[in-house]
Amino acid sequence: MLQYVVKRVLLMIPTLLAISVIVFTIIQLPPGNYLESYIAELQAQGESVDPQKIAFLREYYGLDKPLPEQYLHWAVGMLRGDFGYSFEFNMPVTKVVGDRMFLTIIVSFVTILFTWAVAFPIGIYSATHQYSWGDYGLSLLGFLGIAIPNFMLALVMMYVGNVVFGTSIGGLMSQEYIGKPWSWDKIKSVLEHSWIPVVVIGTSGTAGMIRRLRANLLDELQKQYVVTARAKGLPPRKVLRKYPLRMALNFFISDIGSLLPHIISGAEITAVVLSLPTTGPMLLAALKSQDMYLAGSFLMFLAFLIVVGVLVSDLALVALDPRIRLQGGVVR
Amino acid sequence: MNRRAHGRAVDSIAAIVRLAAIALLVMAGLTATAARAEEPPSLAADVAAGKLPPLAERLPRVPLVYQPPPREWSLGRYGGEVRTLMAKDRDIRMMVVYGYSRLVGYDEQLRLVPDILQSVDSADSRVFTLHLRPGHRWSDGTPFTTEDFRYYWEDVANNKELSPFGLPQALLVEGRGPKFELIDATTVRFTWQDPNPMFLPALAGPSPLYIYRPAQYLRQFHAKYAGLEQANALAAAAGSRTWAGLHQKKDEQFRFDNPELPTLEPWVNTTPLPSTRFVLVRNPYFHRVDSAGRQLPYIDRIIVGITDDKLIPAKTGAGDVDLQVRYLRFDNYTFLKQGEKRNHYKVRLWEKALGSQIALYPNLNAEDAEWRKLMRDVRFRRALSLGINRHEVNEVVYFGLGKESSNTVLQRSPLFRPELRAAWTTFDLKAANGLLDAIGLTARDANGLRLLPDGRPMELVIDTSGESTEETDVLELIRDSWRKLGIAMFSRPSQREVFRKRVFSGKSVMSVWSGMSNGIPTADMSPNELAPTAQEQLQWPMWGQYYEQNRKGGEAPSTPDAQQLVKLFETWRNSDSTAEREKIWQQMLAINADQVYTIGIVTRALQPVVVRNNLRNVPPEGIYSWDPGAYFGMYHPDAFWIDTGDNR
Chain A
1 MLQYVVKRVL LMIPTLLAIS VIVFTIIQLP PGNYLESYIA ELQAQGESVD PQKIAFLREY
61 YGLDKPLPEQ YLHWAVGMLR GDFGYSFEFN MPVTKVVGDR MFLTIIVSFV TILFTWAVAF
121 PIGIYSATHQ YSWGDYGLSL LGFLGIAIPN FMLALVMMYV GNVVFGTSIG GLMSQEYIGK
181 PWSWDKIKSV LEHSWIPVVV IGTSGTAGMI RRLRANLLDE LQKQYVVTAR AKGLPPRKVL
241 RKYPLRMALN FFISDIGSLL PHIISGAEIT AVVLSLPTTG PMLLAALKSQ DMYLAGSFLM
301 FLAFLIVVGV LVSDLALVAL DPRIRLQGGV VR
Chain B
1 MNRRAHGRAV DSIAAIVRLA AIALLVMAGL TATAARAEEP PSLAADVAAG KLPPLAERLP
61 RVPLVYQPPP REWSLGRYGG EVRTLMAKDR DIRMMVVYGY SRLVGYDEQL RLVPDILQSV
121 DSADSRVFTL HLRPGHRWSD GTPFTTEDFR YYWEDVANNK ELSPFGLPQA LLVEGRGPKF
181 ELIDATTVRF TWQDPNPMFL PALAGPSPLY IYRPAQYLRQ FHAKYAGLEQ ANALAAAAGS
241 RTWAGLHQKK DEQFRFDNPE LPTLEPWVNT TPLPSTRFVL VRNPYFHRVD SAGRQLPYID
301 RIIVGITDDK LIPAKTGAGD VDLQVRYLRF DNYTFLKQGE KRNHYKVRLW EKALGSQIAL
361 YPNLNAEDAE WRKLMRDVRF RRALSLGINR HEVNEVVYFG LGKESSNTVL QRSPLFRPEL
421 RAAWTTFDLK AANGLLDAIG LTARDANGLR LLPDGRPMEL VIDTSGESTE ETDVLELIRD
481 SWRKLGIAMF SRPSQREVFR KRVFSGKSVM SVWSGMSNGI PTADMSPNEL APTAQEQLQW
541 PMWGQYYEQN RKGGEAPSTP DAQQLVKLFE TWRNSDSTAE REKIWQQMLA INADQVYTIG
601 IVTRALQPVV VRNNLRNVPP EGIYSWDPGA YFGMYHPDAF WIDTGDNR
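Same order as they appear, the protein sequences are chains A and B.
Take the first sequence: its position 136, counted from the start at 1, is 136 in the working numbering, and no numbers get skipped.
Take the second sequence: its position 332, counted from the start at 1, is 332 in the working numbering, and no numbers get skipped.
Among the clues, some could well be false.
Claimed, not checked - Short derived list, chain A residues pointing at chain B, Cβ under 10 Å:
(1) Gln3
(2) Asp50
(3) Glu59
(4) Glu88
(5) Ile178
(6) Glu192
Unchecked claim - The list that follows gives simulated cross-link-like pairs (lysine-lysine, BS3-like), each with its CA atoms no further than 30 Å apart:
(7) A/Lys180 - B/Lys250
(8) A/Lys288 - B/Lys51
(9) A/Lys53 - B/Lys88
(10) B/Lys501 - A/Lys53
(11) B/Lys250 - A/Lys95
(12) A/Lys188 - B/Lys179
(13) A/Lys53 - B/Lys179
(14) A/Lys53 - B/Lys160
(15) A/Lys288 - B/Lys310
(16) B/Lys501 - A/Lys180
(17) A/Lys65 - B/Lys250
(18) B/Lys507 - A/Lys53
Claimed, not checked - What follows is a set of in silico ranges between Cβ atoms, one per label pair, in the way DEER data are often shown:
(19) A/Ile26 - B/Glu470: 26 to 34 Å
(20) B/Asp309 - A/Lys53: 18 to 26 Å
(21) A/Val6 - B/Ser468: 54 to 62 Å
(22) B/Leu167 - A/Arg80: 36 to 44 Å
(23) A/Arg58 - B/Asp124: 35 to 43 Å
Rather than coming from a laboratory, the hints here were simulated on the basis of the structure.
Don't be surprised by glycine CBs; every beta carbon is placed ideally from N, CA and C.
Just chain A, with the same shape it has in the complex:
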């Protein structure tokens, strides 16, 4: 077991290295660099640019150096915990991201809880009452959730929120609470604003989870051990809880791998439409303005989370389900 873990961890190093090369290359693929898009943006707004200043910045940011050298500088820096410099914000990347991370985690966490809270009962209900009216009705609702694009739902909800409930458009709280210490009013304001993103981001996830839970549970419910348990006279609820539901949860554990990065970068488009102060829009803006170290470090962080998440979910599966063994010639 320990040997397996060590091997998996060691394997992460070349994986992350390869990812970092790919990330850097992709960020550099569009023509130009940060300064060029910066100049273009200023000129599009009718502003002028001082060439002297640009020359200074080019040298200071090291944009005049060859690409491999820029890559090495970034990669070596990351090993030492220095994620580079954000050109856009004129400060180290870690400082830029710090503030937003908290709100992002809150929104994503609440969204995940919402997804689970809604999907679980519905999934179980529609599996145990297969082909009933309730099953059809709830499935229809779920499919609607998958079919409506998030951004459109966000726009509609924002309009309704503003016109019917008088909630200010976009953001996670009313303007006056931003940057203030936490208080009851602030929490109230956050709750007032956060139901829109939570519902919007949650709907598509919910629908997917209902379908998967239903399918997994249906598989198990028809197995013989369920019949045996019922025959022995166990109450139906206990049967459900004790055996098939647990078996059906494997997919749930393996989802953790993709859940971790989702917490950080979840639902960029929705976040942009709703103008949420989360990390998603920041990542998008960094990619657009070619703020390469900010974007690169972001993507690397996501990659790291995926790699770790997959490992954690693999280990959790082994722990939970005795049928799963560490096979594939790794242990033997």
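Let chain A serve as the given structure and place chain B on it in line with the hints.
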């Protein structure tokens, strides 16, 4: 002393007399009742607690008295906050633009007047003597003196590490910098060997040339004062590689992203980046007063929310702001108008100062030899211009609110002449076809398209930056009329950076962008847009690059008219009289209009400005212009005020 400088001297003498009179009044008032110049209520508590000195000690001995402008204007009341929106954290710099506190600045009649400075004396545009206001202070209360100028000159501008690329362009004449003299605590002098007409306009710019620094604050980061080791240690702790890097970062008067950095603007930023909400509070040491002697600004706080740029019109329409202009576009007008009643604001339409809302740029440096030859042929450019039905474009795209025009100065500019606007802009297919025939483009293919000399059909591809449907709408209309000239036109949308690259490298034959950025110049503003002087000029990027990089890169202008324009521009740079400069401007404008280097279409485009009903002193009509004007800056947002309706 020339006429202009003389005029200025007379002006400033008159101003001083006026100011002295008012200062006397103020002082008399202070001694008599001490209630004459009231403390802004939001500061009164701090003054009473002894945290702030009283008003008389905070103002310069001779403050700038803001004279009511010739429009509907009223003395204001203190208090309140104004909310506005921006799309990026970096946009906080707009508050420096709106604040528009400059050494000298433009007033609403586009005259250069002293602002932070008490007065400027200029002799032949060679010698500039700047007089500061005695007793003027930075926003943290430290004195603003000539030491701050010396610090900039000796320790920043002439420091190899802080300015590795030498002095800023506006301080150089033929590559030579000025002589700097420190005369006393409130007087400095800059002396050039040759005239430098760029100097004062550069100081008055929306992103101005800062020739002073808050020395007392910045010394702690400077190796010369803090010691190399100490400065580098400070830099390392802040995550910067060198002390120069940290100094640069702390010293961003225009970026406005360092709340610790003292400023002279009316409002001081209190929020560090990154944030989604910036709070700016009044500068208790601001140097302007209203005509009743009360310190400006009237408004206590400015709240800048950061939100996605596409949401800004929506949030504006929902009444989330008090004053908004940036990121609103003309096509939002009807939507914004809809929310007026419900959300208690008014949409005003200001005039943009662009020479032309949209202009076509034939690329004289195109890579394709055949097209290049045509683009350099004035008959071809004229034919294209004559082949555009500007009236139709105006009616269809701009509801007839625009004005058909070539790409030249606007009517508001003293340099405006109607014949420049009309040059080669009448819709005349017959004349256009005649010109094309005269070039020898008579052969046509089966579809009626003219053929290039090498036999290719004339399919003209216009590059667009793909940002607005407005451009493509206009091009669509032009396509139809050019088809009647035997020219097929296609537009090629791309991304902004790609677009620029294609034009700069000559891959693009023709491009579309907005026209002259300063459509309201006076003779004392630089005519650099009219001559090949910068790579960003889409009609001759390589010629511009040649000038920009001191004849080291790019390509030398090869047509006599373009060479003439460069020569004229250089004469303007060396000219010491306004009369001569005006003559040069007129010549340059005439050459540009006659040569049709850029094809203007419609001008007088409008910019929606959303103003809450109780916000006073915002002009109902104005010019929306970067330089000169600084957007709101010229109209003194420090004198805007909120009418709460009670009779306080």
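Hint-by-hint comparison with the structure:
no.	hint	in the structure
1	Gln3	40 Å, violated
2	Asp50	6 Å, holds
3	Glu59	7 Å, holds
4	Glu88	6 Å, holds
5	Ile178	4 Å, holds
6	Glu192	15 Å, violated
7	A/Lys180 - B/Lys250	25 Å, holds
8	A/Lys288 - B/Lys51	46 Å, violated
9	A/Lys53 - B/Lys88	21 Å, holds
10	B/Lys501 - A/Lys53	21 Å, holds
11	B/Lys250 - A/Lys95	16 Å, holds
12	A/Lys188 - B/Lys179	62 Å, violated
13	A/Lys53 - B/Lys179	22 Å, holds
14	A/Lys53 - B/Lys160	14 Å, holds
15	A/Lys288 - B/Lys310	15 Å, holds
16	B/Lys501 - A/Lys180	44 Å, violated
17	A/Lys65 - B/Lys250	25 Å, holds
18	B/Lys507 - A/Lys53	28 Å, holds
19	A/Ile26 - B/Glu470: 26 to 34 Å	32 Å, holds
20	B/Asp309 - A/Lys53: 18 to 26 Å	24 Å, holds
21	A/Val6 - B/Ser468: 54 to 62 Å	57 Å, holds
22	B/Leu167 - A/Arg80: 36 to 44 Å	37 Å, holds
23	A/Arg58 - B/Asp124: 35 to 43 Å	37 Å, holds
In this structure, the hints that do not hold are numbers 1, 6, 8, 12, 16, in rising order.
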